[in-house]
Amino acid sequence: MKGREPSEEEVVSWLRERLGGAVLDARVARKRRVFVRVDREHFKTALIALKELGVDFLEALTGVDAGDSIEVIAHVGRSVSVAVETAVPKGDPRLPSLVDLYPGAEVYEREVWEMLGVVFEGNPRLARAFLPEDWPKGVYPLRKDYEPKHPEPLR
Amino acid sequence: MGPQHPIHPEATLIKLKVEGEHVVDADIDASFVHRGIEKALEHKTYVQGLFLAERICGICNVAHTTCYTLNVEGLAGIEVPQRALWLRLIVEELARVSSHLLWLGLLAHVVGFESLFMLAFRDREVVLDLMEEIAGGRVTSGYNVIGGVRRDIDAATAYKIKSSLAKLKERVVKYRRLLEEDPIVRARTVGVGYLSPSEAKELLAVGPVARASGIAYDIRVNDPYLVHEEVPFNPVVYDTCDAWGRAMVRVGEILESIGMIVYALDHAPSGEIRARVPPVFRPPPGENVTRVEAPRGELLHYVRSDGSEKPYRYKVRTPTLANLPAAISMLKSRGDRVVHIADVPVIFGSIDPCICCTARVLVVNEKGAAKEFQLDELAAKRWAR
Amino acid sequence: MIAEALRAFVYPGIAYMVALALLLEWLDRKIVARLQNRVGPYYAGPHGLLQPLADLIKLLAKEDVVPLGADRILFTLSPIAAFVVVTVAAAFVPLASTSGLVSAEGDAVAVLALITIYLLLVYTAGAASPSRYSQVGAVRAAHMLLGFEIPLMLSCLGVLASAGSFRLSELAARGSVRVFGLHAVGFAIFLIAAQAELERLPFDIPEAEQEIVSGWLVEYSSWRLALFRLARDIELLLLSGLAVTLFLGGPVGPSPPGAEPLLYPLYFIAKAALIVFLFSLVRASTARIRLDQFVTFCWRYLVPTSFAYFALAVLVA
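Going down the list, the protein sequences come from chains B, U and Z. To convert, count from 1 in the first sequence and add 59; that's the numbering used here. To convert, count from 1 in the second sequence and add 62; that's the numbering used here. To convert, count from 1 in the third sequence and add 4; that's the numbering used here.
Careful: at least some of the hints might be erroneous.
[Unchecked claim] Sample of chain B residues facing chain U (criterion: CB under 10 Å; computed from the structure):
(1) 89
(2) 108
(3) 115
(4) 123
(5) 161
(6) 201
[Unchecked claim] Short, incomplete list of chain B residues facing chain U, as computed with Cβ under 10 Å:
(7) 92
(8) 113
(9) 116
(10) 117
(11) 118
(12) 132
(13) 137
(14) 139
(15) 140
(16) 162
(17) 163
(18) 165
(19) 188
(20) 200
(21) 203
I should point out that these hints are in silico values taken from the structure, not numbers from a laboratory. Virtual Cβ for every residue (Gly too), placed ideally from N, Cα, C.
Could you put together the complete structure from these sequences and hints?
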């Protein structure tokens, strides 16, 4: 563990200091919960900055279909959980891969790509991880426009 | 090895490239148990979703419901009575004991130690009976609800819990000695499945896998939920970085959990156990993140509300998913660190895999629109591959 | 003629051997179960005595599947040959009297040779199956041979040398117990090597269920599997019988004259049961060792010790 972990306020001020206007929103929701919004170009930079501060553990990558865009949230931190959010337009859903920062992120990126179609450029193995082998390409199940057919009861 | 193989409690495919008995490369395909739970949760009210969340995993069901209820309560601003938090802790730790005992039996089975397997499962019966007394179910407890817990623990039950756990504790101490001393068990686990501390950090390992590599990361300490700040306990950390270390961590945790349960039984305040919540409610728009130390490691739930009675998005990140990259790394031979075929079940088992937790997203019909397959056509199509 | 046939096929012939083998299997399962806080076989026959027989009958009722790609000839011959080999070997071992069903000069060596042939049959059985798991299991069995074969042979030869005879019935007739002093070493080596031969825990490497799903046995079903199971039980009888003859003084014990035909079989059963008890104790209290660890163990400890034992036994004799 790299030294003492920063407090919630320290996280917010550090990010504002390092990224300036790229931080679209930052708030301390409650004890050990920080939610930060950054623009797409600075998504990775924010995470690099946080790693320097001592928030160096990536817990999860969440993808959310927000209508015209897809939001990607990186949950980082061991004690304080910082949710770094960014949005990518559905027409061009690309983000730089975090694999060089966090090698273990490979499988998280695979999941977000598979379910929502976000392409993480630089991920060495952006391939099917959880869907069956005959799943059609280009169909992203967690997008809101995908409606699963209800299975018919077996007769 | 897989997807059907005697060693897998669930269908997983471990692809190994071997030279003789040495494993040279590895990959894991966890796609066989996908059920579409995250998508399903978007179509259910928050209360309905609880039942779904509970069934993400059979053995970790308490961790999932604890996390889910805390998550939704935080999102909706629902205040939970103190006693309920204590009771939740008791049941959560009891589930941890049950899970670790099952794992111990599986480890014994993997190593060929049938006797320890039988004995561990016999002892687990004690815990399952206690769970049934408290919650009504042996494995899937159905105990946590949004707003609190469903049933109270009275004095008679508390006494029974304490006396049963006292006997269990003696036996677990013996098992710990066995792990420390039995030469064959040690030969099969010491130095097997090596994960260096730096690898554990880079590959984002959680739970006992991380704690056996010297990383003192336990959500109950780092981000206490429930009443963990008031219940004394020590996170169990070893630095041997191997399967043996993970076994010792888990056995140590059983003993710690027993201590926590007894403490909680003695110190839980009296009072209400449940805040009444309407079956359908609309939390204000917002988001919440809740983390829980499940038996397998850190479990994370994320929820986003758009103000309606169903979550806009619900995300579950299970500990086994977090440990998969570490598992794959451990399976590969590197330099003079040779991995034998016989080690594969031990290594894979040492991360305590719960694939049901991990592969959670979809599979009902392949084409969203177009063609409709008959059931046997579908079956034929699968077999052809 | 008829008497000969009865002797060969019924008592103390094949039928008796099979019955004894099944009895020993029952004993093993019961002891292991009790040690694991379980009940073990219970319902088939009094205290489950008929369970091994019931299992064999059940197997016979199953569908016989020959996998595509299996070597049909070897696949069929292996179980039959295995059964024949161990039964013939057991015929030399004194089970019911001071002589085996058959006795000849040098039959001890014949028995040892037959044991080795059985192991080769295990290898061919696995090789005859197309499954990946069978191949691994077969290779493991052959690999293990490298480890325990020499200690097994040498521990027996040491006894034979110090007894001055290669004829099992002679050893049985003398009835000398060789469990103390120098022979304690030989006894221990024999017991360890025998468990490896029998592929029992902690040495059930070729069949490790959790890793290779029954290994070399995996593709065999119905009567073939039944024969292999039976062959294994007879092998247990064979090796415990060998231990009894070489180390425990044979099926001999105090007996009023004339009562030998009645008592000697019982003495045999008692002594063989003791050996099986030791085996079961080990099985219930150990985990499975890994192949490379096993071979290392053999070559580092077992083989040198067995050479030393053999040399000393010869010198002392």
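Item checked: Hints breached by this structure -> 2, 8
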